[in-house]
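Visitor: Spelled out from the first residue to the last, the chains are:
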Amino acid sequence: MRIMTSTADRIGLGWRPELAAGILANLDRIDVVEVIADDFFDAPRRARRSLRTLAAQTSIVLHGVSLGLASSAAVETKRLEKTARLCAEVQPDSWSEHLAFVRGGGIEIGHLAAPPRTIATIEGAAANLASARKIVGSAPLVENIATLIDPPGSDHDEAAWIAKILRATPSDLLLDLHNLYANALNFGYAPLDFLEQIPVERIAAIHLAGGKWIGHHDARRLLDDHLHDVPDPVYALLEEVGARVRQPLTVILERDGDYPPIECLLEQLDRARKALAAGRARQAELSVEAVA
Amino acid sequence: MSTPRFEAFLAKIYVDDRARTAFLADPRGEAVKAGLTEPEAEALEMIDRTGLELTARSLERKRSRHSHQSNRK
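Sequence lines, in order, name chains A and B. Residues 56 to 347, numbered by our numbering, are exactly what the first sequence covers, in order. Residues 131 to 203, numbered by our numbering, are exactly what the second sequence covers, in order.
In short, the hints are calculated from the structure, not lab data. Just so you know, even glycine gets a beta-carbon here, dropped at the ideal spot from N, CA and C. Relax, there's no trap hidden among the hints.
Sample of chain B residues with no beta-carbon within 10 Å of chain A, all distances over it, derived:
no.	residue
1	Asp147
2	Arg148
3	Thr151
4	Ala152
5	Leu154
6	Ala155
7	Asp156
8	Arg158
9	Gly159
10	Glu160
11	Val162
12	Lys163
13	Glu168
Straight-line alpha carbon distances no greater than 25 Å define the calculated DSS-like cross-link-like pairs of lysine-lysine that follow:
no.	chain 1	residue 1	chain 2	residue 2
14	A	Lys189	A	Lys133
15	A	Lys189	A	Lys219
16	B	Lys163	B	Lys142
17	B	Lys142	B	Lys192
18	A	Lys267	B	Lys192
19	B	Lys142	A	Lys133
Input sequences plus hints: build the corresponding full structure.
Guide: This is the structure we're talking about:
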């Protein structure tokens, strides 16, 4: 793995076949491209060669969606071995996975599910992340997920649960700000309180996305569907993170469908760049005031 | 709390309509039938029902979308 420690903030976009032409034509406005690792695990040789070609042209980070690391059940070795092979082939700057469970008792859930937030899943995540480091050769960044259900059986709130996982492992955090925003709205807490409770010095990367409200009246919840533009409060959260952390951040915009023209996505990248820069400027002002 | 058996139970009620219907009609009974512990059964009795229904619908849509995409390839 080409472990790259960036010294500057980077703003990028998730690779999707539908966006390929737009991304390739605008690499001067995209610092880094995030590729879904699972899409290439069993891909034909030609597709993997194309991915290597992309990696030669720009910075790549890999993002996994099916390991199910945050579980009291052990992660499947064969999936980690596929991740290891892909990382060896593509040499990404980093790789990441979700703090989720995705299967149980032989049933594939088909998406990311929030596990009970307990000591058992903290210990399970720590053990699974140790396996990941051993087989892949590097620690993945771990991402907070959006959930429509308050996970049953939990005895930790989300921030405390994530903070304990980060303390138990060397993995840093990929903080998905739309997931944070959606969970905060759905379960009635303030996103800034969440930021107060997690070790912000462990945030290495950020995801941005959009979503929509589902359900009726008093039973409405915000769904993180990646089919809509990034809402204003998520940019405000990005500025806030930029003001609070000193380390460089890699920020990725995720879009999974209902694709707008590429220019619309590039404008969202520009807006993210401005929001993060505004946060950095606030931090610099505070540093100057502290010295004076 | 949280064991592979508990997570397997959650996976089943998230994706299996019949299992979910049976569970919502008798959460404790279904939990006991699945061999879950008393604290696990208690936690399931207090489940966020709105969240469960919305989660199940959202997962169903995602599976359907992925299946369409797979068919297209």
